[in-house]
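**Student:** Next come the chains, spelled out residue by residue.
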Amino acid sequence: MSRVSVPCHVKGTVALQVGDVRTSQGRPGVLVIDVTFPSVAPFELQEIMFKNYYTAFLSIRVRQHTSAHTPAEWVTCLRDYCLMPDPHSEEGAQEYVSLTKSQMLCDMASVTELRLILRQPSPLWLSFTVEELQIYQQGPKSPSMTFPKWLSHPVPFEQPAPLLEGLPDPSKISSEVQQMWALTEIVRASHTSTRIGRFDVDGCYDLNLLSYT
Amino acid sequence: MLQEESDLSLVIAQIVQKLQGSSLYSQLERQAWASLQRPEIKLESLKEDIKEFFKITGWEKKLQNAVYNELNMFPLPAHPAAPPEHLKEPLVYMRKAQGSWEKRILKSLNSMCTELSIPLARKRPAVEQKELLNKWNEMGTDEPDLSLFRPVYAPKDFLEVLINLRNPNYENGDSLSFRTHLGLIQVPLKVKGIPELKEFFVELSLTTGQLGIDDSTQVPPELFENEHVRIGQKVLAEQDSAAAQQYVRQGSPTALRAELWTLILNISSQPEDILYYEQLKTNVIQHDLLVDSLIYKDVKLTASNDDYYFVFEDYLYQVLLCFSRDTSVLGHFAYNSASPPKSYIRGKLGLEEYAVFYPPNGVIPFHGFSMYVAPLCFLYHEPSKLYQIFREMYVRFFFRLHSISSHPSGIVSLCLLFETLLQTYLPQLFYHLREIGAQPLRISFKWMVRAFSGYLATDQLLLLWDRILGYNSLEILAVLAAAVFAFRAVNLMEVTSLAAAEAVLADLSTLKVMPLLQIFLFATVT
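Protein chains in written order, with the UniProt record's numbering: chain A, 1 to 213; chain B, 1 to 526.
None of these hints come from the bench; they were simulated from the model.
Treat the hints with care, since some could be wrong.
[Said to hold, decoys possible] Here's a subset of chain A near chain B, in silico, CB distances under 10 Å, partners left out:
id, residue
1, 49
2, 89
3, 204
4, 211
[Stated by the list, open to error] Pairs of lysine-lysine residues, derived as DSS-like cross-links and limited to a Cα-Cα distance of at most 27 Å, are as follows:
id, chain 1, residue 1, chain 2, residue 2
5, B, 123, B, 300
6, B, 446, B, 130
7, B, 385, B, 234
8, A, 51, B, 190
9, B, 123, B, 156
10, B, 96, A, 51
11, B, 61, B, 88
12, B, 156, B, 96
13, B, 107, B, 300
14, B, 192, A, 51
15, A, 101, A, 172
16, A, 51, B, 88
Note that CB positions come from ideal geometry on N, CA and C, so glycine has one too.
With these hints in hand, go ahead and build the complete structure from the sequences.
**Tutor:** Here is the structure:
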């Protein structure tokens with residue numbers, strides 16, 4: 001199914017900590033990231049994708065658009081999703097993660113705002129966050145292309161141009177060219193990834209020094 | 001669940017694409033065409049009849065083995081947003097460390113090249129080509145002057161790099177706290193503890209028969225050995241790769257080992273494979289590489305001096321020189337954190353059409369590299385088969401022993417596993433060795449990097465490599481290293497210096513591998 005990226009505005013992370021941030025010794029273990037969609041109407045969320053950076057658990061709360069005059073409430077749609085099975089070790093620490101709407105606890109029909117709550121209980125890490133956050137909504141069901149006028153409204157009656165003497169039939173040529181094109185498409189589609197095995201360039205393997213880049 | 005279905009179809013698509021390029025695909029096609037002549041294949045039920053035909057003639061088994069091989073070797077398809085570097089190594093700081101280590105190696109090789117004024121690659125003149133072809137089976141008799149060459153790096157240089165590996169996001173405080181690692185490795189990778197190892201290596205437990213223990217002369221063969229050999233012969237008759245892998249977890253009988261390893265690694269000696277090896281031989285004869293001298297030097301320094309392996313010196317040249325020319329090895333860099341060194345044809349610096357990899361297989365040998373091949377010479381005597389087995393073992397296992405990665409079988413994880421096991425189960429010994437300046441990893445590192453080749457007696461080494469193949473993991477190397485320390489713990493407690501500790505652990509050739517592993521995993525009182 002197709003999906004379309006939704007432009008979002010990711011606000012800066014806010015650390016939740018008891019006491020004064022400056023004077024206390026420990027580092028915050030909970031961060032909150034607010035995601036707003038300033039230029040987009042309330043949409044149906046399809047998928048959230050991001051790259052983890054040492055976050056152990058993720059919760060997501062969503063605020064949906066309500067038609068009535070009641071103010072929109074925050075609802076938890078994902079609770080304590082585990083990104084790192086062992087918060088003290090590197091497993092899962094820098095993985096790419098996809099969350100689809102089927103994994104969410106509530107309906108994501110008309111999302112206006114998201115709040116990501118990141119938790120990292122281990123004191124071993126200096127910082128943690130999620131990166132490259134991308135939100136996707138359902139793409140359009142069918143391509144809504146408009147055809148050019150001459151294609152959708154063909155001219156009803158057209159005389160073919162008279163054949164020039166000595167030249168082959170154009171319709172026969174065009175069918176043959178079409179068959180050749182179909183063959184090349186088949187060859188291109190069945191491209192294998194095996195190598196040929198040549199390591200030299202045209203028989204020459206006279207090298208410079210090794211490059212560092 | 002929808003997610004699992006789409007994951008499964010992705011895996012299937014990846015495997016199909018890989019197999020389409022293999023010779024098995026064309027063989028199956030040929031067999032299918034040939035089967036149309038047979039009377040039992042009817043046009044109405046063509047698909048089912050051909051499938052039935054494949055099942056009866058054993059081709060389905062071959063396909064099954066190939067699919068199992070793919071699943072074992074290649075990592076699962078990654079997240080669609082993940083770049084290819086992520087598949088090689090997910091942690092950014094490890095990728096960077098591997099990159100700077102590779103740069104050091106390249107600088108060393110380049111400086112050797114300029115100092116000795118020897119080109120990286122040279123086309124041999126016709127006279128020299130003919131001479132080498134005549135001497136192909138006895139290259140060991142050649143005594144070239146290798147005194148100016150030195151190995152590009154030795155395992156201890158690599159150990160220093162691993163010791164200095166740091167995660168920038170990790171609390172590496174100067175003061176000792178609960179977060180400091182007492183060993184040499186300072187990165188917090190996930191390693192298995194003994195309860196998890198017991199589960200993982202359940203076939204090594206005290207109640208399961210093992211070759212290496214239950215085939216000794218005191219034990220009557222009716223108890224275990226005869227039955228085990230019979231099952232092994234049955235597995236070979238069925239030609240089932242997955243069953244063979246499960247079978248060798250309890251050890252492989254010496255007579256059946258060569259065939260079992262061939263089956264597990266899914267090597268088939270088709271005429272194309274022999275032809276491919278001959279082509280590599282031609283490449284060796286045509287071009288002379290600087291890397292060849294490094295290989296010569298390594299073989300002369302290590303395998304030729306070893307009591308067990310010096311007889312195979314000629315085989316080692318035949319395998320390793322061809323290995324350097326084999327571009328199919330480049331495929332493994334998709335899941336190896338290392339990258340092959342690149343260069344350009346002289347005069348065409350920067351032009352991508354003239355970019356080549358050096359050496360053609362992208363692997364620069366280090367001191368002791370030839371020891372990966374030497375034990376295999378006991379099993380395979382035909383050079384092309386020996387070559388295929390070694391190449392498969394390298395791209396499945398051995399590459400992990402000299403590249404920096406976070407993989408559970410990577411050398412960094414093995415070192416951390418070794419240190420954690422020792423610290424948890426022999427804390428007094430660990431503390432004592434640390435106090436006298438003899439960090440245990442400094443002694444065991446060279447064993448693990450070489451997969452114990454050259455340190456154990458050959459029959460014991462082959463029993464150990466049986467388990468590496470059976471469990472598809474190198475973690476057993478770390479467990480064995482810890483078990484060896486546990487075995488010699490009493491002597492080690494009395495030493496007072498690193499040199500004395502090295503002396504206690506210098507000779508492992510009398511050790512029996514399987515009893516050590518069994519006792520350490522299943523019989524140590526904690």
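**Student:** Give a verdict on every hint.
**Tutor:** Consistency of the hints with the structure:
This hint holds: residue 49 of chain A has a C-beta 6 Å from the nearest C-beta of chain B, less than the 10 Å allowed. Taken as an interface hint, residue 89 of chain A checks out: its beta carbon lies about 4 Å from the nearest beta carbon of chain B, inside 10 Å. Evaluation of the residue 204 of chain A hint against chain B yields a held restraint, the C-beta minimum of about 6 Å falling below 10 Å. Satisfaction of the interface hint for residue 211 of chain A is found here, the shortest Cβ-Cβ separation to chain B being roughly 5 Å, below the 10 Å cut-off.
A distance of roughly 24 Å separates the Cα atoms of residue 123 of chain B and residue 300 of chain B; the hinted pair therefore holds under the 27 Å criterion. Annotation: proposed proximity of residue 446 of chain B to residue 130 of chain B is violated, straight-line Cα distance about 39 Å (limit 27 Å). About 23 Å separates the Cα atoms of residue 385 of chain B and residue 234 of chain B, which keeps this hinted pair within 27 Å; it holds. Distance restraint check for residue 51 of chain A and residue 190 of chain B: the Cα-Cα separation of roughly 20 Å lies within the 27 Å cut-off, and the hinted pair is therefore satisfied.
For the given pair, residue 123 of chain B sits about 34 Å from residue 156 of chain B by alpha-carbon distance, which is inconsistent with the 27 Å threshold. With a C-alpha separation of about 18 Å, the suggested pairing of residue 96 of chain B with residue 51 of chain A holds against the 27 Å cut-off. Taking the CA atoms of residue 61 of chain B and residue 88 of chain B, the gap is about 31 Å. The hint is violated against a cut of 27 Å. Restraint check for residue 156 of chain B and residue 96 of chain B: the C-alpha separation of about 20 Å stays at or below 27 Å, so the hint holds.
Proximity of residue 107 of chain B to residue 300 of chain B is assessed by CA-CA distance (about 24 Å); at most 27 Å being required, the pair is judged to hold. The suggested pairing of residue 192 of chain B with residue 51 of chain A holds, with an alpha-carbon distance near 26 Å, which does not exceed 27 Å. A distance of roughly 53 Å separates the Cα atoms of residue 101 of chain A and residue 172 of chain A; the hinted pair therefore is violated under the 27 Å criterion. The hinted pair formed by residue 51 of chain A and residue 88 of chain B meets the criterion: a straight-line CA distance of about 16 Å does not exceed 27 Å.
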